[in-house]
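This is what each chain is made of:
There are 4 protein chains.
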Amino acid sequence: MTPRLEATHDHACLIVHGPDRPGIVAAVTALVTRIGGNIVTLDQYSDNPEGGEFFQRVVFHRPHLEAALPAVEADLDETLGPFGMTWRLTDQSIPKRMAILASTSDHCLLELLWRHRRGELPVTIPMVISNHTNTAEDVRSFGIPFFHVPAHGPDKTAAEARLVELLGGNVDFVVLARYMQILSDSFLEEVGVPIINIHHSFLPAFIGAAPYRKAKERGVKLIGATSHYVTEDLDEGPIIEQDVARVSHAMTAADLQARGAYVERAVLSRAVQWHAEDRVIRHGNHTIVFA
Amino acid sequence: MTPRLEATHDHACLIVHGPDRPGIVAAVTALVTRIGGNIVTLDQYSDNPEGGEFFQRVVFHRPHLEAALPAVEADLDETLGPFGMTWRLTDQSIPKRMAILASTSDHCLLELLWRHRRGELPVTIPMVISNHTNTAEDVRSFGIPFFHVPAHGPDKTAAEARLVELLGGNVDFVVLARYMQILSDSFLEEVGVPIINIHHSFLPAFIGAAPYRKAKERGVKLIGATSHYVTEDLDEGPIIEQDVARVSHAMTAADLQARGAYVERAVLSRAVQWHAEDRVIRHGNHTIVFA
Amino acid sequence: MTPRLEATHDHACLIVHGPDRPGIVAAVTALVTRIGGNIVTLDQYSDNPEGGEFFQRVVFHRPHLEAALPAVEADLDETLGPFGMTWRLTDQSIPKRMAILASTSDHCLLELLWRHRRGELPVTIPMVISNHTNTAEDVRSFGIPFFHVPAHGPDKTAAEARLVELLGGNVDFVVLARYMQILSDSFLEEVGVPIINIHHSFLPAFIGAAPYRKAKERGVKLIGATSHYVTEDLDEGPIIEQDVARVSHAMTAADLQARGAYVERAVLSRAVQWHAEDRVIRHGNHTIVFA
Amino acid sequence: MTPRLEATHDHACLIVHGPDRPGIVAAVTALVTRIGGNIVTLDQYSDNPEGGEFFQRVVFHRPHLEAALPAVEADLDETLGPFGMTWRLTDQSIPKRMAILASTSDHCLLELLWRHRRGELPVTIPMVISNHTNTAEDVRSFGIPFFHVPAHGPDKTAAEARLVELLGGNVDFVVLARYMQILSDSFLEEVGVPIINIHHSFLPAFIGAAPYRKAKERGVKLIGATSHYVTEDLDEGPIIEQDVARVSHAMTAADLQARGAYVERAVLSRAVQWHAEDRVIRHGNHTIVFA
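Residue numbers (this note's numbering), protein chains in the order written: chain A, 2 to 292; chain B, 2 to 292; chain C, 2 to 292; chain D, 2 to 292.
For reference, chain A alone in the conformation it holds in the complex:
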């Protein structure tokens, strides 16, 4: 039986996207009212008031939401279709299923597990997978299943096959919590759910490996972290969130890494929360974040 979140009982989130035109906000809000919903929050964005793209996120309360969903969805299709709008409706009381992939570093992983236990992330965590075993005990102490999928050697085919086997059908999105393996294009396609990564630099600065060493070499005065959706172009996917921390000449590359860990865990946590709450809309290589 699907677990449910009490706090968001009978709450739905509607995302609407399409060509901007006069009256579209009013049309959507009228629609929400017609289907019995009371608007809790509403955000909208148009990238160009004349001939641009329009994005709207509406959270509404609708008694007996579950039973009404089929009718609501039919109405959405009928109302928005003629305007070329696409839409996505989610029952906010159903937590998304999130898998975490990790390697030896535990700071991002534990932060997510701990925030989840505090009730701050509206997700379930069916599994944590790592190519190392050092975090197994910690993960299981949170009551979360841990799976070890080694990824030795240059050929990752077996490892990725095992990942697909574990993830397939079981999760709604995947978080790479400092998972230090490059995933193949075919893996991305097979998994078929959004994958969120945390990169340990202020992208697009210091793209690729060893960003803290590069930051030290360049003598920057701030280091950063970037959470983004994974695409086929490494470190080039749509950015969800970024933040920085001040550093000084006196810090070594190892100091930067230690300091950066705190930025990474904060940035990834915010990105995961916003994704889980349907606050992030992908559009081309950008994100609209209604946070």
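Hints may be right or wrong, so weigh each one.
Treat identical chains as interchangeable: a pair holds within one or across any two.
With a cut-off of at most 25 Å between alpha-carbon atoms, the simulated SDA-like pairs for lysine to any residue come out as follows [to be verified]:
| id | residue 1 | residue 2 |
| --- | --- | --- |
| 1 | LYS215 | SER187 |
| 2 | LYS97 | LYS157 |
| 3 | LYS97 | ALA75 |
| 4 | LYS97 | ARG260 |
| 5 | LYS215 | PHE188 |
| 6 | LYS97 | GLY85 |
Rather than coming from a laboratory, the hints here were simulated on the basis of the structure.
Once you have looked at the hints, place chains B, C and D on chain A.
Here is chains B, C and D on its own, set in the frame of chain A:
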């Protein structure tokens, strides 16, 4: 003839406030559509979804706005009145008229004049008034009239009478840009327009005079500034914006003051801009800021 | 046998304090050289170059430090005594023994345990004590002893006696990681080691209980946290560190509390680290922090 | 006659640089004492305690400094030479002579002029040079000479020759306050003084032209500014200071530029102040900043 802002030609800002009830967002957006408006931005807030207060700000584009205003206002009255809602509609192409009151310090004053010249503040500045003369030349170099209203001695009656004379009917709001005089209750009443102050501390810490000295004595590690609406209760009015800066044990009270000046000018500028753009709604002793 | 930190083997930290006078920096650095030390870092501060107080912190490397300590200390006495200077010398390879007192909230407690496990806090943690039992399992999973000392009812005499019994002679300082009990003056005296607290507001704003509720009522735009040494005057002790986070009108008091937890754990962690590294010097009701 | 700063009368700043070795801090502080100086602040840094480079900055008060300088400098040569150390001694009461080069943008230029007038920058400003004339009146209202040096067309030889003519022998350093012209290698050589630039991005991200447009295209969530010394490698010189500001998907490239202007002026001002106070040491392509 009233000056007009090109960028916001035919744009109106509607603020709606009243008891929260189902369908209110939809009702207002439908109304905007009915009167020929296309929604540019929309923000809303309810302080309690069950029986709370509801606040909405809608900016919409409406061709031939000026001519249509009487009809639009009649419609608003008719539509919103029955629900016990109050509303306020402003033509965004008409800049608010802002007076600045200053004393010897120039950092907040010059920042406002400079941002205004850059076109970042949608206001006109009919006058700057100071109880000192040191900034007169600077002010006039911006093409702004400067008036000197001395405020010596304990009896401020004459000074306040002169202020009322200058301000009366000529301004939509007043900014105290480090104006170091306490204004009487009767003055506030006679002026009758909102007054925005900048207090040089992170209120409610270090309320009253000499906050940087008090901050030094208490040994705080951050100093702050607070912009708020002036009420009869000194330093107790609704807060619009606040910010802080890091300080250390090695800084003297004078150092804190010098550092704090940069926080003050930034905080006051944001507060003034948001007020000028009708982004701030007062409610009791709070503000809702749709920034 | 005393545990030792490898990274700071043969490193000593010398804190010197007394009346400022010409040549004092040179005198201390010459002294360090004479006793065979090589200066790693040096910080100094004078609160008034003419007739003020002088503070210096020198970290130096000295081969065979442990064996040389008695001779070094005799030299310090002889050299600094005549100038009315007090001094404190610590072997940095000996971690301070830190006890943590907690209640039901786990965010500050777990953050300290986790940073300790990462090797970022140069301390040992002989015990965690709580007046609740909910964190016992977590604490013990870090390999740290957990003691439950209930503190029901208005009379805390028995509870404090039990605390003194556990702490007495076993710890070098105590951290109150959201320990929601007021400690008596006699307890502070009996324990006789520094006690570091985290207060969930930007002191001196919202002193006392329920600061997040008070912050909501006052309508502030930033919330904060303050770590300070505990003195007989509640919430009035010397401030070690502070930080803030931005909030909005839309957040409830509970939201402020949830957001504030992340500020609290960061502020307390920094304060604890700086204290453990002998970077904090108390002087009157202030701190000098050489961070 | 050279202008003098009252506040730093008889204060000298000594920068020492060379191979790290035991006792070097003590040797320098003893030297300062021997020449009659009383240390006001002292900072040091070694990039590697074993065989690395050592950097020290000492500010000391020395009565009758001016008369004593020749003797002091002879002592420094004699003491530090044998250890292979280089040194630089400046009389802090003599303000550095700073030229500002600007184009049409005024935000960085006016910020520097205004901070200078407040007495926050220990410099004199013998001239402002621009390839446009729009800021002439503002500059002259500060009592600063303004020179117009047009830089039309691809051949900058004449313009650079005119710059060299104006700057030659008259200034100690040059600030490019959003001067939108690339300077030739031969110009850099002929001018022969440090040149500080402000780049309108968080380098090394968005190197080169139009960084705000590139930032918008990449969808970053923070924008930044970087102040650095100009070298022959465009945008690759040693970084002095950086900072960032948060942006959102809703901001256009023009919005980013407007928001970024405030980061630029703050970052450049800090870099200029630190340089003017001899707090910045160049080493390879890095800076050590004792701020």
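Hints, verified against the model:
1. In this assembly of identical chains, the alpha carbons of LYS215 and SER187 never lie at most 25 Å apart, being 30 Å within a copy and 30 Å across copies at closest.
2. In this assembly of identical chains, LYS97 and LYS157 lie within 25 Å of each other by CA distance neither inside one copy nor across copies; the values are 28 Å within and 46 Å between.
3. With identical chains, the CA atoms of LYS97 and ALA75 are at most 25 Å apart within one copy only, with a shortest distance of 23 Å there and 47 Å across copies.
4. Taking the closest pair of Cα atoms, LYS97 and ARG260 come within 25 Å of each other only across two copies (22 Å); inside a single copy the shortest separation is 31 Å, beyond that limit.
5. In this assembly of identical chains, LYS215 and PHE188 lie within 25 Å of each other by CA distance neither inside one copy nor across copies; the values are 29 Å within and 30 Å between.
6. Taking the closest pair of Cα atoms, LYS97 and GLY85 never come within 25 Å of each other, the shortest separation being 28 Å inside a single copy and 40 Å across copies.
In summary, the structure is inconsistent with hints 1, 2, 5, 6 from the numbered list given earlier, while agreeing with the others.
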